[in-house]
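> The primary structure of each chain is shown beneath.
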Amino acid sequence: MEKEIKTALVTGGGRGIGKAITLKLAEDGYNVVINYSKSSKDADDTVLEAKKLGVDAYAVKCDISDYKEVEKMIDNIIEKFGHIDVVVNNAGITKDNLILRMSEEDWDNVIDINLKGTFNVIKFVSKYMIKRRKGKIINISSVVGIVGNVGQVNYASSKAGIIGLTKSLAKELASRGITVNAVAPGFIETDMTKILSDSVKSTMINSIPLKRAGKPQDIANVVSFLASNASDYITGQVINVDGGMVM
Amino acid sequence: MEFEKIRDIIVEQLGVDPEEVTMESSFIDDLGADSLDIVELIMALEEEFDVEIPDEDAEKIKTVGDVVEYLKNLEK
Numbered sequence: 001m002e003k004e005i006k007t008a009l010v011t012g013g014g015r016g017i018g019k020a021i022t023l024k025l026a027e028d029g030y031n032v033v034i035n036y037s038k039s040s041k042d043a044d045d046t047v048l049e050a051k052k053l054g055v056d057a058y059a060v061k062c063d064i065s066d067y068k069e070v071e072k073m074i075d076n077i078i079e080k081f082g083h084i085d086v087v088v089n090n091a092g093i094t095k096d097n098l099i100l101r102m103s104e105e106d107w108d109n110v111i112d113i114n115l116k117g118t119f120n121v122i123k124f125v126s127k128y129m130i131k132r133r134k135g136k137i138i139n140i141s142s143v144v145g146i147v148g149n150v151g152q153v154n155y156a157s158s159k160a161g162i163i164g165l166t167k168s169l170a171k172e173l174a175s176r177g178i179t180v181n182a183v184a185p186g187f188i189e190t191d192m193t194k195i196l197s198d199s200v201k202s203t204m205i206n207s208i209p210l211k212r213a214g215k216p217q218d219i220a221n222v223v224s225f226l227a228s229n230a231s232d233y234i235t236g237q238v239i240n241v242d243g244g245m246v247m
Numbered sequence: 001m002e003f004e005k006i007r008d009i010i011v012e013q014l015g016v017d018p019e020e021v022t023m024e025s026s027f028i029d030d031l032g033a034d035s036l037d038i039v040e041l042i043m044a045l046e047e048e049f050d051v052e053i054p055d056e057d058a059e060k061i062k063t064v065g066d067v068v069e070y071l072k073n074l075e076k
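Protein chains in written order, with the UniProt record's numbering: chain A, 1 to 247; chain B, 1 to 76.
So here's chain B without its partners, still in its complex pose (with noise of 0.2 Å):
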């Protein structure tokens, strides 16, 4: 899973420039994002890399990495 390719599915959602988008990004607190702007990012995420994420699991995602981490633990 490769880091850039979520970067631009951030970058497109949010609004946001690459620079800002780092592993330890917040969404709300760093990247500006809104309840509903993580919604439609992990929906967005689920078009791009076919998967499902439960609500449960959103709940958990809070910064870029845990993004990461978690679309890694999916591959496995």
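For reference, chain A alone in the conformation it holds in the complex (with noise of 0.2 Å):
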């Protein structure tokens, strides 16, 4: 009998942190799924870059904050590949303020994507892991959700929340054979870095054991372990990769 290939849903897949992760678990021999919502270029790049590792890949654009295309592309991925086995919540975005400038918009599209887009796509998802009595969640948290940061109280809500997230589903899934955990990144090169000055860049450099910032392969290898059946008696944690600075 051939050996079932695997399929991995990445949200975010297409750039950054989201895109290491796709292009290791493809390395590892996985089927990936990238999901986008804007980007749809990068997330084409993605594909074509996934593909030459000899795997199957395809991109498709969902809003994971909207519950019903959610379940859609869930169905979609079950139609094409007829399972997944790993899925990493991945996607987020910044919009970084004061609190006293922070508008009830930036507040709502922080955690309309990276929260309630976690509990979109698992809720959807979790029913046929159920079903086949095994599965590997991921969760992109955030050290920022674990310490807070000045100007991130949405992000950091957003990030602290999938840790409880991450938590109470490992209960609940646990019987069935389901791990939930939660990959906390620290300081790591990305667009959503880039932005930031050079005088924070060399503070926050500064404040790393490690004394230098991540790259998104530092947390690619960690979901590449999470993913794994060498991950099997690991279920509820959250692992943070970020050079020592929050110990």
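I should point out that these hints are in silico values taken from the structure, not numbers from a laboratory.
Label pairs and their in silico Cβ distance ranges: (1) 177/A x 20/B: 17 to 25 Å; (2) 19/B x 56/A: 41 to 49 Å; (3) 61/A x 73/B: 41 to 49 Å; (4) 234/A x 26/B: 29 to 37 Å; (5) 59/B x 230/A: 37 to 45 Å.
In this text, all values refer to a predicted model and were calculated from it rather than measured experimentally.
Glycine included, C-beta positions come from ideal geometry on N, C-alpha and C.
Now that you have both chains on their own, put them together as the hints suggest.
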């Protein structure tokens, strides 16, 4: 019998940390589905790169904050690949501002995409995973969700929310052979952090014991481990990947 | 609403022997179901019989007989 090829869905999988995760999982031999909302070119490029690694890959446009759209996306993936073995809830945005300047819209957008988006995807994927009695759910949080950060009450709340969600879901689904874990990146070189001023960057790097920013690959390596059978006895955990920034 | 059809769904969902499923069997005490099993079972029944079972009704379902009775009442 031919060995079944596993399928992984990575939300926001066309750019930054998401892209590194997608390509790492493709390298590990998973068929990958890249979800994106706006950057179709990035998603398409990532599909091509993944295919070069010898797996099947495709991109699906979906605003994960939209409950109904997510339901359609998941059904579509099930139709195409028959199952989803690994889900990486990575898609996220920032809309930083000090509380006095933060609009209701800034708050809502960040919570809707980062936190509710994660809920939406899990809601529809878990049904299929429960039936199969296996699955790996990996949520990308942030060290900011643990220690907070000036100008990020919305982002930090969404990322702290993801930690609570991860732990609760881990308890709910453990009896069905499904593990749920979170990865909390620290300061990682991506478009999201590129916009920070040099002085902010050097202050942050000075606060990191390893004295350097992380790379998307550093996150992808941990996700790869959490997606594999090597992590079967780990659930409900938050793994910081931050050069020692938060201990 | 035939008992056999419902029994088959219960057998499939809970992985029990058909002989174990009687009208009196309690899902939790006799058939070893947990709360998630019951939610899954309710969802399977909803799909099979094309009905919607609200949470407040689902909470009252404890035995196989409760399911048969509930679905019978829906048919009326």
